[in-house]
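K.L.:
The primary structure of each chain is shown beneath.
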Amino acid sequence: MAEPVIVVENLTRRFGDFVAVDHINFEVQAGEVVGYLGPNGSGKTTTIRMLLGLLKPSDGKATVLGYDVFKQSEDIRARVGYMSQKFAIYDDLTTLENLTFYGGVYGINDKARILHTLELVGLKGHEHTLTGDMSTGWRQRLSLGIALVHEPKLLFLDEPTSGVDPTARRAFWDLIYELAEGGVTILVTTHYMDEAEYCERVGVMRDGKLLAMDTPTNLKKKIITGDVWEVFAYPLEQGIELLSTMEGVERVGLAGDHLRVISSQVKKEAMSDLLSRENIRVEKIESGEATLEDVFLALAR
Amino acid sequence: MTNNLVEAKKLHKNFGHVHAVNGVDLNIKSGEIYGLVGSDGAGKTTTMRLLVGALKPTQGEIMICGYDLEKQVELARSTIGYLSQRFSMYEDLTVLENIRFFAEIRGLSSTEWLPRSMEILEFVGLDKFIDRRAGQLSGGMKQKLGLASALVTRPRLLLLDEPTTGVDPVTRQDFWQLVIKLVSGHEGGGVSVIISTPYMDEASRCHRVGFMKAGKIIAEDTPSNLRARLNGRVLELRGSPINKLRHVAHQDVDVEDVAAFGDKLHVRVRAGQADLIMKRLPDEIKAAGGTLTDLRIIPPALEDVFIALSESNHG
Numbered sequence: 318m319a320e321p322v323i324v325v326e327n328l329t330r331r332f333g334d335f336v337a338v339d340h341i342n343f344e345v346q347a348g349e350v351v352g353y354l355g356p357n358g359s360g361k362t363t364t365i366r367m368l369l370g371l372l373k374p375s376d377g378k379a380t381v382l383g384y385d386v387f388k389q390s391e392d393i394r395a396r397v398g399y400m401s402q403k404f405a406i407y408d409d410l411t412t413l414e415n416l417t418f419y420g421g422v423y424g425i426n427d428k429a430r431i432l433h434t435l436e437l438v439g440l441k442g443h444e445h446t447l448t449g450d451m452s453t454g455w456r457q458r459l460s461l462g463i464a465l466v467h468e469p470k471l472l473f474l475d476e477p478t479s480g481v482d483p484t485a486r487r488a489f490w491d492l493i494y495e496l497a498e499g500g501v502t503i504l505v506t507t508h509y510m511d512e513a514e515y516c517e518r519v520g521v522m523r524d525g526k527l528l529a530m531d532t533p534t535n536l537k538k539k540i541i542t543g544d545v546w547e548v549f550a551y552p553l554e555q556g557i558e559l560l561s562t563m564e565g566v567e568r569v570g571l572a573g574d575h576l577r578v579i580s581s582q583v584k585k586e587a588m589s590d591l592l593s594r595e596n597i598r599v600e601k602i603e604s605g606e607a608t609l610e611d612v613f614l615a616l617a618r
Numbered sequence: 004m005t006n007n008l009v010e011a012k013k014l015h016k017n018f019g020h021v022h023a024v025n026g027v028d029l030n031i032k033s034g035e036i037y038g039l040v041g042s043d044g045a046g047k048t049t050t051m052r053l054l055v056g057a058l059k060p061t062q063g064e065i066m067i068c069g070y071d072l073e074k075q076v077e078l079a080r081s082t083i084g085y086l087s088q089r090f091s092m093y094e095d096l097t098v099l100e101n102i103r104f105f106a107e108i109r110g111l112s113s114t115e116w117l118p119r120s121m122e123i124l125e126f127v128g129l130d131k132f133i134d135r136r137a138g139q140l141s142g143g144m145k146q147k148l149g150l151a152s153a154l155v156t157r158p159r160l161l162l163l164d165e166p167t168t169g170v171d172p173v174t175r176q177d178f179w180q181l182v183i184k185l186v187s188g189h190e191g192g193g194v195s196v197i198i199s200t201p202y203m204d205e206a207s208r209c210h211r212v213g214f215m216k217a218g219k220i221i222a223e224d225t226p227s228n229l230r231a232r233l234n235g236r237v238l239e240l241r242g243s244p245i246n247k248l249r250h251v252a253h254q255d256v257d258v259e260d261v262a263a264f265g266d267k268l269h270v271r272v273r274a275g276q277a278d279l280i281m282k283r284l285p286d287e288i289k290a291a292g293g294t295l296t297d298l299r300i301i302p303p304a305l306e307d308v309f310i311a312l313s314e315s316n317h318g
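Taken in order, these protein sequences are the chains called R and Z. For the first sequence, my numbering assigns the number 318 to the initial residue and increments by one for each residue that follows. For the second sequence, my numbering assigns the number 4 to the initial residue and increments by one for each residue that follows.
One chain only, chain R, in its complex shape (with noise of 0.2 angstroms):
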């Protein structure tokens, strides 16, 4: 088995009394796409800090692509790619300006290779498209490109979709996935469940600590252990008012057009009946199927 790509021991960042990251362990594989999931402030951004030797650990030790990242943080740094969502591109180049810029940052003057990026992350035909007339999702394919212009053989995205409609989120994984069948490791963090759907395995961070980590199959299994429900009964709002005081009820939220109800002992009939008693038109109740947010939302209880 090859050596990991990332492997982080107790890793922990104070400042002063607060305790941003709090002991975690994981390893990530090569060729792996990870979800780092968690509210702002969870700790997430200080621990790729850490990881890109930009913030020296409190305490515990860390590893990325087998360098220290205490004592080789520049050699870690010029092996790996950064998108970071606030990423600046210079609106007033094109495509393939911003890509020249920056490639020269990292010492890359191959103009086929820089051109070579570019198809890559589907900007092919647009090389002196100005980056300011674009759509979010395209200046997030250059921000990608950017990331990507060194070839580095682990990438890290900060919410790399977030603000684009499914189309682009679609067609950017697309991507993703097309560069981790090429060996790149990826770790994402984002507070969107909508990402980390996406994601292979996936960290669930809060309060600094890392509570859980896994494919979002065992995440869902492991941690959603009561049934859940969808009730579609009117009007919501006395719905959940009523259900959340039904005993051995879990949870109770808001899932669109309806109510979703996780419990492992309340059955069908007897929210039904409750809801009609009171009555709630109930349209009808279906069993549904455990999501990352409900996983999310039980974590942070």
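Derived by calculation from the structure, the hints in this document are not laboratory data. Check before you lean on any hint, since a few could be wrong.
[Stated by the list, open to error] For each label pair, taking beta carbons as the anchor points, the in silico distance ranges come out as: (1) Glu314/Z / Gly383/R: 39 to 47 angstroms; (2) Thr225/Z / Ser561/R: 20 to 28 angstroms; (3) Asn246/Z / Gly383/R: 23 to 31 angstroms.
[As the list claims (entries may be wrong)] Computed list of chain R residues with no C-beta within reach of chain Z, every gap over 10 angstroms: (4) Thr363; (5) Met400; (6) Thr411.
Being a predicted model, the structure only gives us computed values, none of them experimental. Just so you know, even glycine gets a beta-carbon here, dropped at the ideal spot from N, CA and C.
Since chain R is already given, all that's left is putting chain Z on it; use the hints.
P.N.:
Just chain Z now, with coordinates in the frame of chain R:
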């Protein structure tokens, strides 16, 4: 007389040669949550701006709460609350000072603004933070302050432009509970909400959804009915290696779309072809050297419908 809060007929908005909005009709009932979804540049934001009266339509007419937005613009606007994607607040003013500012520029008198502000801050759950500077609020609390500012004048129509971009799921649940309370009567009742969003989990929370593409609404229905359009056409595959499965599925002529979701694939197939595909896919995967561990038809998600509609040739 109808009970529609919004009636927009044959709306057009051109920017030079670009038809940003190209013949949109909208009828929004009292108490309805309507989602406007679409890709970047589909015309969502332009439509929202036409509805608040920030832009003049090239053609068409808009009635808001019975007022003609062109001829009775002040009356029409007084019924609207608007929360834009980049809501700006004064970071060095407190929560209460921010609300006061928004209340006063919208014409609330000195006797009205305080009780109303306290009422709305309590409603959104910020009543304990009235003296906190806005700059010190968390993302979720800022968003609630934005919502409170939009609601301080008791609008009957609330326009939300991508309101939960950048907030976590727990905050999002809270936000939606507030929106549901608004439409179901907590705040006097009958408030209508129009929300634009690129997120499908948000779209699925609306009573009705309009899909926009190239300036037109190409589909409009309840989330359940929209999903039903693809019933029996979305398959879930599990097995390994997942990349091999993905390539095999792509090559099948009756497969329209393949998406990898970590340890599984979602495959959209042509109408009426699911049974045949489910018979032949296992053999095709085996022949390619892959292992299939699970294959089943799953209920379509709104995202599947969105992608299918985006690829279609409407308009």
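K.L.:
Run every hint past the structure and note whether it holds.
P.N.:
Right, here's what the structure says about each hint:
1. Glu314/Z / Gly383/R: 39 to 47 angstroms: holds (43 angstroms)
2. Thr225/Z / Ser561/R: 20 to 28 angstroms: For serine 561/R against threonine 225/Z, whose Cβ atoms are near 25 angstroms apart, the range 20 to 28 angstroms holds.
3. Asn246/Z / Gly383/R: 23 to 31 angstroms: holds (25 angstroms)
4. Thr363: holds (16 angstroms)
5. Met400: holds (17 angstroms)
6. Thr411: The claim holds: threonine 411/R sits with its nearest Cβ about 19 angstroms from chain Z, beyond 10 angstroms.
Checked against the numbered hints given earlier, this structure breaks none of them.
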